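Go ahead and model the full structure; you've got the sequences and the hints to work with.
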Amino acid sequence: QQQVKQSPQSLIVQKGGISIINCAYENTAFDYFPWYQQFPGKGPALLIAIRPDVSEKKEGRFTISFNKSAKQFSLHIMDSQPGDSATYFCAATGGGNKLTFGGGTRVLVKP
Amino acid sequence: DAGVIQSPRHEVTEMGQEVTLRCKPISGHNSLFWYRQTMMRGLELLIYFNNNVPIDDSGMPEDRFSAKMPNASFSTLKIQPSEPRDSAVYFCASSLGSGSDTIYFGEGSWLTVV
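So the protein lines, in turn, are chains A and B. Note that our numbering numbers the first sequence so that position 85 is 85, with each residue one more than the last. Here our numbering runs 111 ahead of the position in the second sequence, where the first position is 1.
Derived from the structure by calculation, the hints contain no laboratory data. As the structure is a prediction and not an experimental result, all values here were calculated from the model.
Derived pair list, reagent style EDC-like, types lysine to aspartate or glutamate, alpha-carbon separation capped at 20 Å: (1) B:Lys-135 / B:Asp-212; (2) A:Lys-57 / A:Asp-79; (3) A:Lys-58 / B:Asp-212; (4) A:Lys-98 / B:Glu-155; (5) A:Lys-98 / B:Asp-212; (6) A:Lys-57 / B:Asp-212; (7) B:Lys-179 / B:Asp-168; (8) A:Lys-42 / B:Glu-155; (9) A:Lys-58 / A:Asp-84; (10) A:Lys-42 / B:Glu-218; (11) A:Lys-42 / B:Glu-122; (12) B:Lys-135 / B:Glu-218; (13) A:Lys-98 / B:Asp-167; (14) A:Lys-5 / B:Glu-155; (15) A:Lys-98 / B:Asp-168.
A few chain B residues that face chain A, going by a derived Cβ cut-off under 7 Å, partial list only: (16) Ser-142; (17) Gly-153; (18) Leu-154; (19) Phe-202; (20) Ser-206; (21) Thr-213; (22) Phe-216; (23) Gly-217; (24) Glu-218; (25) Gly-219.
Yeah, the Cβ is synthetic: ideal placement off N, Cα and C, and Gly gets one too.
Structure follows, in structure tokens:
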């Protein structure tokens, strides 16, 4: 049962471009939506997170956009750099620590 | 802080053997999680503990899998007997404990069952 659907599975972007990853969820009880970044051979690490009481959160080059009515949220990576090449996971949880992860998006930033 | 420490980092074992994965959470964290990552199924939560007590083990695939947390600084995930389909990366993670606390992952234990 996949409660968080993530797309695309992979994307290639030129250096300086914008990477956009989308997620959709079904469970209306979800109230915390983090994004994790994972480099090869490493564990996922928290990148940025949002709660549904705001529609957007920005941290440096990373922005989450949240649409509560559509039950969708997205990650935008502005001015993408080769060092951003990684796998990105959206996740969601409600009322506890049980994170449900999306399927992941492998991002490759070409120099 | 040393972060979440897992061992072994890599293990290759034969089908039918017992496998024990170990985890030391970040000191002071009250919640501990075991995740499994595969290409086919992505990141799956197997079990999580709060204050050393198992809270939700609904993700444990079957009786061959068991997890324990005898104290606040140590947890094990055991597979007995192991099967080739158990090959995956197993992550341990910990957090302070509330709903929006950051979950910190270890670097994973890469298991191959041949």
